[in-house]
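*Asks:* Residues per chain are reported as follows:
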Amino acid sequence: MSARLHAFANPARFLRLARRLLPWTAALAAICLAIGAVWGIGIAPPGKPPPEGQGETVRIMYVHVPSAWMALFVYACVAAASAAAIIWRHPLGHVLARAASPIGACFALLTLATGSLWGAKMWGAWWVWDARLTSVLILFFLYLGHIALTHAFDDPARGARAACILALVGVVNLPIIKFSVDWWNTLHQPASIIRREGPAIDAQMLAPLFFMICGFTFYFFSVWLLRARAELAALRTRALKLRLLAS
Amino acid sequence: MKAKTKRLFFVSFGLALLGGAVALALVALQDTVTFFFTPSQAAERSIPAGQRVRLGGLVEEKSIRKLADGVTIEFRVTDRSKAVTVRYKGVLPDLFREKQGVVVVQGAFQPDRTFVATTVLAKHDENYVPKELADELKKQGLWQHDKSKPAGK
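Going line by line, the protein sequences match chains A and B.
Numbering of the first sequence is given in numbering that gives the first Met the number 0, commencing with residue 0 and proceeding in unit increments.
Numbering of the second sequence is given in numbering that gives the first Met the number 0, commencing with residue 0 and proceeding in unit increments.
Accuracy of the hints is not assured; some may be wrong.
[What the hints assert, rightly or not] Distance condition first, Cα-Cα at most 25 Å in a straight line; then the derived BS3-like pairs of lysine-lysine:
#1 A:K120 with A:K47
#2 A:K120 with B:K65
#3 A:K120 with B:K130
#4 B:K81 with B:K65
#5 B:K88 with A:K120
#6 B:K81 with B:K61
#7 B:K130 with A:K47
#8 B:K65 with B:K88
#9 A:K47 with B:K61
#10 A:K120 with A:K177
If you are wondering where the hints come from, they were derived from the structure by calculation, not from laboratory data.
Whole structure, please, built from the sequences with the hints as guidance.
*Replies:* Here it is, written out as structure tokens:
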């Protein structure tokens, strides 16, 4: 009995917290994205023109870099929620993991698409099989696998367990993505922001990029909260339906 | 041991094991994972003529010239210790330039150890500098474009 109470107490507290947080994360996302987009596209200077630099193409960075950062961050969130579910049997673990992975898949796809546009212009190729691009493609497939597994069984609990294991196995890919550009010769450039010598992006471009990264992060948290709420509601509906059928 | 601790141990141990296995596999497959060889790496491996391979490095200064047929371009790709002469017929990417431009050429070595490329890709470096600032720095003679670092590591 106490275990069941524990399982219900946590989601209830979470729902209260979500309701209180959501307006703030949504407002912060809207403000940061508005500032970042206008600054990045309208005000920030273009790069040096080719063949020395990227010219106006540099602006793809303002979407590409935050998407890529989010694709990794969301995966870390999915893995953390999965670990909480599988190790501590946290009642929200499965719900949070299931709510986050489609958002992460979107960010991964956006990363690949914007990168492809940039690559076509700057490298002269839409796609190359270098370590960075391939590992991000694998990340995208991991997301798709995670989504598919959660829905692959009639019993959601079995699907959730399988998805958990996949999410944890996929964690190995995160350091590979981050360090692929250092470990191997890649066509993708090495890290520009998080590196030992400090950022290699000029301050005039780094500032709007920072707003975009914050905006994407707050956007993710808003959608995550919303989706988790919907997932909890779906669980409740399912439980009620089952009870109706049983009686 | 509590069930919780046991599960934590099991998951951590499993991940460590998996990480080790993946690391070993990646080290073993290093030559496959790497997108290109620098001229030195290519020389070390003595890649046979005709084998499709990618070669990456800087375009040597004053090495670009058009051959007599009017469409073939010849240039030298260097990593500052070894250089390879590359011939290419086709459109060059926007970022293709001498000295500071890192390119990756795809093709095959010829029996005379020159390289015939079917594709030329340009690599962008990690530095993002606006046009005005770059012009200003150049004017003051302060422009440094990470010249110390060779193309491959």
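*Asks:* Against this structure, judge whether each hint is valid.
*Replies:* Do the hints match the structure? See the list:
1. A:K120 with A:K47: Satisfied, since the Cα-Cα distance of roughly 14 Å is no more than 25 Å.
2. A:K120 with B:K65: holds (24 Å)
3. A:K120 with B:K130: Holds: K120 of chain A and K130 of chain B sit about 18 Å apart, inside 25 Å.
4. B:K81 with B:K65: holds (22 Å)
5. B:K88 with A:K120: With Cα atoms ~19 Å apart, K88 of chain B and K120 of chain A stay inside 25 Å; holds.
6. B:K81 with B:K61: OK: K81 of chain B and K61 of chain B at ~16 Å, within 25 Å.
7. B:K130 with A:K47: Since the Cα atoms of K130 of chain B and K47 of chain A sit roughly 4 Å apart, the hinted pair holds (cutoff 25 Å).
8. B:K65 with B:K88: holds (10 Å)
9. A:K47 with B:K61: Satisfied, since the Cα-Cα distance of roughly 22 Å is no more than 25 Å.
10. A:K120 with A:K177: holds (24 Å)
Violation of the numbered hints given earlier is absent; every hint is satisfied by the structure.
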